[in-house]
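Keeping the supplied structure of chain H fixed, place chains X and V upon it in accordance with the hints.
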Amino acid sequence: MESCKVVENVYLLVIVTLISVLQNVFFAQKVERECKNRNMNTSAFERVSCANRNCMDAYPTFLAVMWCAGVCLSQAPAAFAGIIYLLVRQKYFIGYLGQSSQSTPGYLFGKRIIFFLSMMCIIGIFNYLLWRFYGRDYKEYVETITGAASALLLLP
Amino acid sequence: MESCKVVENVYLLVIVTLISVLQNVFFAQKVERECKNRNMNTSAFERVSCANRNCMDAYPTFLAVMWCAGVCLSQAPAAFAGIIYLLVRQKYFIGYLGQSSQSTPGYLFGKRIIFFLSMMCIIGIFNYLLWRFYGRDYKEYVETITGAASALLLLP
Amino acid sequence: MESCKVVENVYLLVIVTLISVLQNVFFAQKVERECKNRNMNTSAFERVSCANRNCMDAYPTFLAVMWCAGVCLSQAPAAFAGIIYLLVRQKYFIGYLGQSSQSTPGYLFGKRIIFFLSMMCIIGIFNYLLWRFYGRDYKEYVETITGAASALLLLP
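Chains as they are written, first to last, in my numbering: chain H, 5 to 160; chain X, 5 to 160; chain V, 5 to 160.
Bound conformation, chain H alone (with noise of 0.2 Å):
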């Protein structure tokens, strides 16, 4: 039953992840779509290309750091994180595609949750410092805020 455990701790990022791989093998669809009809329209393979790298650029940062923050303090609030950043993703890639290329979206999306995301990580490296040094285990709180502080997310 060890395996289990290790499961037992990180199954709710492996489901954001299966559901961001999911999104990203839905994106590389549009790409491969538009890239068949590239002679009859060279803006819209570009402007669906460009928003599929600008996605996939960030990608690695978004999967490192909701991992840290899941694995150092609590995959609940870590995981919800992550199902917000995809649904900012996904309104990113729709609005890119939207738009005329005179008036794209920026490079950066989803600052507000990678921060989150690293202030977990953050918090669950000084609460795991406190408790070598001090012997001192505020985790319990800790959870709790950060479980709270997640609805702050969800802000538009």
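Worth flagging that the hints you see were computed from the coordinates, not collected in a lab.
Owing to the predicted nature of the structure, the values given are computational and were not obtained by experimental measurement.
Careful, some of the hints might be misleading.
Where chains are identical, the list cannot tell them apart; a pair therefore holds if satisfied intra-copy or between any two copies.
[As the list claims (entries may be wrong)] Distance condition first, Cα-Cα at most 30 Å in a straight line; then the derived DSS-like pairs of lysine-lysine:
| no. | residue 1 | residue 2 |
| --- | --- | --- |
| 1 | Lys143 | Lys115 |
| 2 | Lys115 | Lys40 |
| 3 | Lys34 | Lys115 |
| 4 | Lys95 | Lys143 |
| 5 | Lys34 | Lys9 |
| 6 | Lys95 | Lys9 |
| 7 | Lys143 | Lys9 |
| 8 | Lys40 | Lys143 |
| 9 | Lys34 | Lys95 |
| 10 | Lys9 | Lys40 |
| 11 | Lys95 | Lys115 |
| 12 | Lys143 | Lys34 |
Chains X and V only, in chain H's frame:
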């Protein structure tokens, strides 16, 4: 010896990751070499650069799914699927270089392997949930079936 | 306290990952700023965009190797090599912007550090296999040697 237990559960995945890194460096050196001859042969540089980019775009997705599958279910079939993916990627890269720019292969490759690894993740999580709520553990059966199913990836 | 044990073995790696995320955001903001001035200065936008792309292409490879090395062998030398890599990457990015487009630095950078981290993974796996089949554990010696060898990365 605690650290050795961790290594025991992932060492095949680490080996596949190392091989994939070696392959990435091989791809990057191809790009670097063509980049120096850029003035002589622009289309060759563009092809190798595009092939490398498509491979790199899919790389984090592949790594994430392979590690999740290996951790959630069992590492041997995940590592085997990873090796097959690397072979498919090598064939894709070489094929891209040989093609004329009119008939390049698509943006996506290795869909079947990504699908197989995703299914492994899902089965692993289901197995964990069954164990948690019903106390039943089908891990051994599932591992045997997965090991047999991974042989199907060898079909062309 | 079980969760704190997990954090104990990876917290240096998490810190390096966070610093690398910070650096990614810094790079992305540079791209975003140049993107707005695109009409005024096209070559500057192309250079910063290309530098960012090359860094992002290599990023998943770096993360994968660093975490494998840290988990398989020991985290301190892996995190140290990671910090050096980030410094090299910063220098590469800045150097890319300053160069005229004729003499850009190559596509690859930080080869020595990737090689060092890969060697750490291989040594960690060999050490595990030795322990498994012969019951010998050279981990302490290996960790000392690796720590000393990591100082060689400081050589220019």
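Identical-chain pair category, Lys143 with Lys115, by Cα at 30 Å: Cα proximity of Lys143 and Lys115: one copy only (26 Å, versus 40 Å across).
Homomeric proximity label, Lys34 with Lys95: Cα distance no greater than 30 Å: both (15 Å within a copy, 23 Å between copies)
Intra- versus inter-subunit Cα pairing at 30 Å for Lys143 with Lys9: both (19 Å within a copy, 13 Å between copies)
30 Å Cα threshold - placement of Lys9 relative to Lys95: neither (36 Å within a copy, 39 Å between copies)
Intra- versus inter-copy proximity for Lys9 and Lys34 (alpha-carbon distance at most 30 Å): Neither, since 38 Å and 43 Å both go past 30 Å.
Homomeric proximity label, Lys115 with Lys40: Cα distance no greater than 30 Å: between (33 Å within a copy, 18 Å between copies)
Homo-oligomer pair classification [Lys115, Lys95; C-alpha up to 30 Å]: both (14 Å within a copy, 25 Å between copies)
Status of Lys115 relative to Lys34 across identical chains (alpha carbons, at most 30 Å): For Lys34 and Lys115, both the intra-copy (25 Å) and inter-copy (15 Å) Cα distances are at most 30 Å.
Alpha-carbon proximity between Lys9 and Lys40, which holds within one copy, between copies, both or neither at 30 Å: neither (47 Å within a copy, 49 Å between copies)
Same-copy or cross-copy closeness of Lys40 to Lys143 [CA-CA at most 30 Å]: neither (53 Å within a copy, 44 Å between copies)
Homo-oligomer pair classification [Lys34, Lys143; C-alpha up to 30 Å]: Neither, since 43 Å and 37 Å both go past 30 Å.
Homo-oligomer pair classification [Lys143, Lys95; C-alpha up to 30 Å]: Neither way: Lys95 and Lys143 sit 34 Å apart in one copy and 39 Å across, limit 30 Å.
The structure does not agree with the numbered hints 4, 5, 6, 8, 10 and 12 stated previously, though it agrees with the rest.
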